[in-house]
Amino acid sequence: MLFSSLIFITAFLPVVFIGSRILRKNKYVNVFLLIASLFFYAWGEPVYVLLMLLSVIVNYFAGIIMDRFRDKSKLILVLDIIFNLGLLGFFKYFSYATVVMNVYLHIPVPTFGIPLPIGISFFTFQIMSYIIDLYRKKFPVQKNIINLGLYISFFPQLIAGPIVRYEDVNEQLANRVVTIEKSTEGIRRFILGLGKKVIIANIVAEAADHIYSLDPSVMSAQTVWTASILYTLQIYYDFSGYSDMAIGLGKMFGFDFLENFNYPYMSKSITEFWRRWHISLGTWFREYLYIPLGGNRKGKVRAYVNLMIVFFLTGFWHGAGFTFIFWGIYHGIFRVIEKLGFSKILDKCKPLAWIYAFFVVNLGWVFFRVEGLKNAFVIVGKMFTPGLDRYYSFGELVSHRCLLAMILGILGCGLIQIIPEKIPAVKKAVHNPYVQYVWCAFVFLISLILLASNTYNPFIYFRF
Amino acid sequence: MSNNVKKLDIRLILVHISFWGFILGLPVFYHFFGAALDSANYENRFMNEKPVLSKETVSSYPTLYENYYNDNYPFRNKMIMLNGRFSYQVLKEGTGYSIVGKDGWLFYKSEASADGINISQYKGRAEFSEMELKFAAKSLMNTKEWCDEHGCEFVLFIAPNKERVYSEYMPGYYNSSRVSETCNTDQLVEYLRENTDIRIVWAYEDLMEYKEDHPDEPLYYHLDTHWNYLGGYIGSRALLSELGIDIPPAEEREKNIRNTTTGDLLMLMNLGSVESVVDVDYAFQGYPAENMEIVSDNVNGALMYRNPDGDPRKVLIYRDSFCNIMRFFLGEQFSEISMVPHELWENDLPEIYQPDVLVYELTERFVDDLVTEHIQPY
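These protein sequence lines map, in sequence, to chains L and F.
For the first sequence, the working numbering gives the first residue as 1, with consecutive numbering after it.
For the second sequence, the working numbering gives the first residue as 1, with consecutive numbering after it.
Read the hints as simulated data drawn from the structure, not as lab findings.
Quick caveat: nothing in here was measured; it's all calculated off a predicted structure.
Please note that the accuracy of each hint is not assured.
[To be verified] Distance ranges between label pairs, derived from CB positions:
hint: 1; chain 1: L; residue 1: Lys428; chain 2: F; residue 2: Glu49; range: 28 to 38 angstroms
hint: 2; chain 1: F; residue 1: Glu111; chain 2: L; residue 2: Thr385; range: 22 to 32 angstroms
hint: 3; chain 1: F; residue 1: Glu111; chain 2: L; residue 2: Ile410; range: 48 to 58 angstroms
hint: 4; chain 1: L; residue 1: Pro115; chain 2: F; residue 2: Leu53; range: 43 to 53 angstroms
hint: 5; chain 1: L; residue 1: Phe394; chain 2: F; residue 2: Glu343; range: 31 to 41 angstroms
hint: 6; chain 1: F; residue 1: Ala114; chain 2: L; residue 2: Leu105; range: 34 to 44 angstroms
hint: 7; chain 1: L; residue 1: Val438; chain 2: F; residue 2: Met47; range: 48 to 58 angstroms
hint: 8; chain 1: L; residue 1: Glu167; chain 2: F; residue 2: Arg85; range: 20 to 30 angstroms
hint: 9; chain 1: L; residue 1: Leu214; chain 2: F; residue 2: Asn175; range: 14 to 24 angstroms
hint: 10; chain 1: F; residue 1: Phe33; chain 2: L; residue 2: Thr385; range: 29 to 39 angstroms
hint: 11; chain 1: L; residue 1: Arg24; chain 2: F; residue 2: Glu111; range: 19 to 29 angstroms
hint: 12; chain 1: F; residue 1: Phe33; chain 2: L; residue 2: Gly19; range: 25 to 35 angstroms
hint: 13; chain 1: F; residue 1: Lys50; chain 2: L; residue 2: Leu214; range: 36 to 46 angstroms
hint: 14; chain 1: L; residue 1: Leu214; chain 2: F; residue 2: Glu49; range: 29 to 39 angstroms
[What the hints assert, rightly or not] With a cut-off of at most 16 angstroms between alpha-carbon atoms, the simulated EDC-like pairs for lysine to aspartate or glutamate come out as follows:
hint: 15; chain 1: L; residue 1: Lys143; chain 2: L; residue 2: Glu181
hint: 16; chain 1: L; residue 1: Lys182; chain 2: F; residue 2: Asp9
hint: 17; chain 1: L; residue 1: Lys268; chain 2: L; residue 2: Asp347
hint: 18; chain 1: F; residue 1: Lys109; chain 2: L; residue 2: Glu206
hint: 19; chain 1: L; residue 1: Lys25; chain 2: L; residue 2: Glu206
hint: 20; chain 1: L; residue 1: Lys137; chain 2: L; residue 2: Glu167
[Said to hold, decoys possible] Reference listing, derived: stretches of chain F covered by chain L, where coverage requires no fewer than 3 residues with Cβ under 8 angstroms from a Cβ of chain L:
hint: 21; stretch: 151 to 163
hint: 22; stretch: 244 to 254
hint: 23; stretch: 310 to 318
Idealized CB from N, CA, C, for every residue including glycine.
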């Protein structure tokens, strides 16, 4: 079930919200939310919901046993991490590994496709944050399996994050209060996230997907640059819109999740980009990989190596494919270059620094999007090859609607947000509750219309 | 509690009431008043029904239910229509597979729906290789040879794309990537005429001749992919002429102008009609002819007509929807004529029907099917 679907917004969400308000007490609400979350997951994964339950049970008992046998805690930690990463590795990477062995290493092994459970990368990392921090004695063990189950499977952040560390919600599981201010802010945040996804991301995605589905032989430089900008917008608005919806939903039920995006395309370096993009993932890797590896405490060279390891795994986490690994390493290289002194040069000229950062990020997304590293390089090559045949004109590829979404998307990346900061009267107007109400109502209605329109599936002849 | 706090709470409560009230109230409102509103189905498909949960449908039930929910969401039709109107009237473009051209003309983006290659053809980007031309010619010659063996005439009839005939109304952004005004259809027609004795009716030639002489009489619907009755008459006349039957030219026929405000391209945007656009069609007097027996007039199925006073030949047409408009013009002329749509065609039909004339009728955007398809028995 997607947040941006009619059935979620108009059926699931009202039932769960009203149900939780009727129950009121956290201990009953948590049971209700856990059941709702499992139902939510089962809706998309009727079979893999059992995997989710297995994960909850195994990690619950791992925590209990770790707490009981503190002298064996390291062993339990290792075993639990092997279990969690083993599940992730099997479902996400095993199929691709068999392809690599057959095609690239010429080792004949049987290949079979394993359907990927939705959200496995997110909830696995979430679970691991619990067990690792429990090992570090950051909090007492969670003896209530309902609460732990809810933490692992809570539907707002189950599918696409943010990756919530247990220590950030530990207290809230038992002791949160749903105030009307918080739940109203939750509605506002949810609607704005929905708008980002439906009004901008989905529309630019249609054009981006169309272009990327074309044979590279018909792509001109203009076509490829158009696709890259469209995808840059798509991935930001899709992901940050989803995060906004998740944060909004969390607030509706009394939870405060940490922010996951902070206008990343306003960054003036790749270092800054990774402080603004998918913040929860960056935080996770810093806490559980970079720092344990030594961080920057063991000399510069070791720091660079640690950075490259983190970015290699960041790429790998995103997907089973060389393009994701390449994308991760690509970002890692720029991080290291900046650490080597390039950042001092960037500090001297902010506009150029912004252009550099945007260019690097935009180019990186091509590798992230295109299937196959070879194809990605072909397409990137076309970006810098003028004079190719323009099989498709800009107007053919980008409709007026898409152009409107692009403009809104570009402005909304952080440019338009500067205006209220500079002009107090605008800031006052923007924060006026009536203006906010009308704006949210407008965004919600438009989103609903577009969601309904997306279900339209006509045929020019009658389909029997 | 201070007045300010009370005021804040009331405003926040109102937010909740309006949000949840709207979401939950919409289906209730629709239940009582929805029937009064337009809920016509322009999608040309059966809407999803509520699925039944069983052991067999457990894993697919969520998807099936969601499809059913989406198809039956309150005011869905109105919302889609609003979206379509915004696109058409404000953004001046189509949604989905419809292209909004100049002066209210709509065109079809057939590649987007995997229903032909008209845009590639319009841009001059659709080309046959030498091998494909040979295969297409061979396939058609096989059909002709079968016909010759069975004492049957064979004619290939190609109805041109609207985009070709009314290219001046196509949106300008297609022109910058247009490399030629000809395409694989012209290649094929030329190749067949030079290398085979297959009889070809390329209706484009007749249509353009009429259009040049009568620029104010549209031959295609503005809002539909098809030619109108005037265009269909000209196409029919061209086919009949090839079969040795002469009917008066269109300008000599009495016809009345009739207006229409709908078309399949408009319906693809869920706009049943748009008041600001009026389309032109023609009603030819004397059709359907009085002496023509209508055996079957199902425009989605097989069409069959008889005229005991007509040409004694029995005609079988492998047809698409362009033939619908031609049906009465052709039906009047023959002792018996059957027009069977592609979806219902069986390759042994010619053997069963034993026609005197077999016509392979298709719209230009499907000419690349000629490379692999044949319509005669194996």
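Quiz item: Taking each numbered hint in turn, which are not upheld by the structure, reported in ascending numerical order?
Solution: Of the numbered hints given earlier, those the structure breaks are 1, 3, 4, 7, 8, 10, 11, 15, 19, 21, 22 and 23, listed in rising order.
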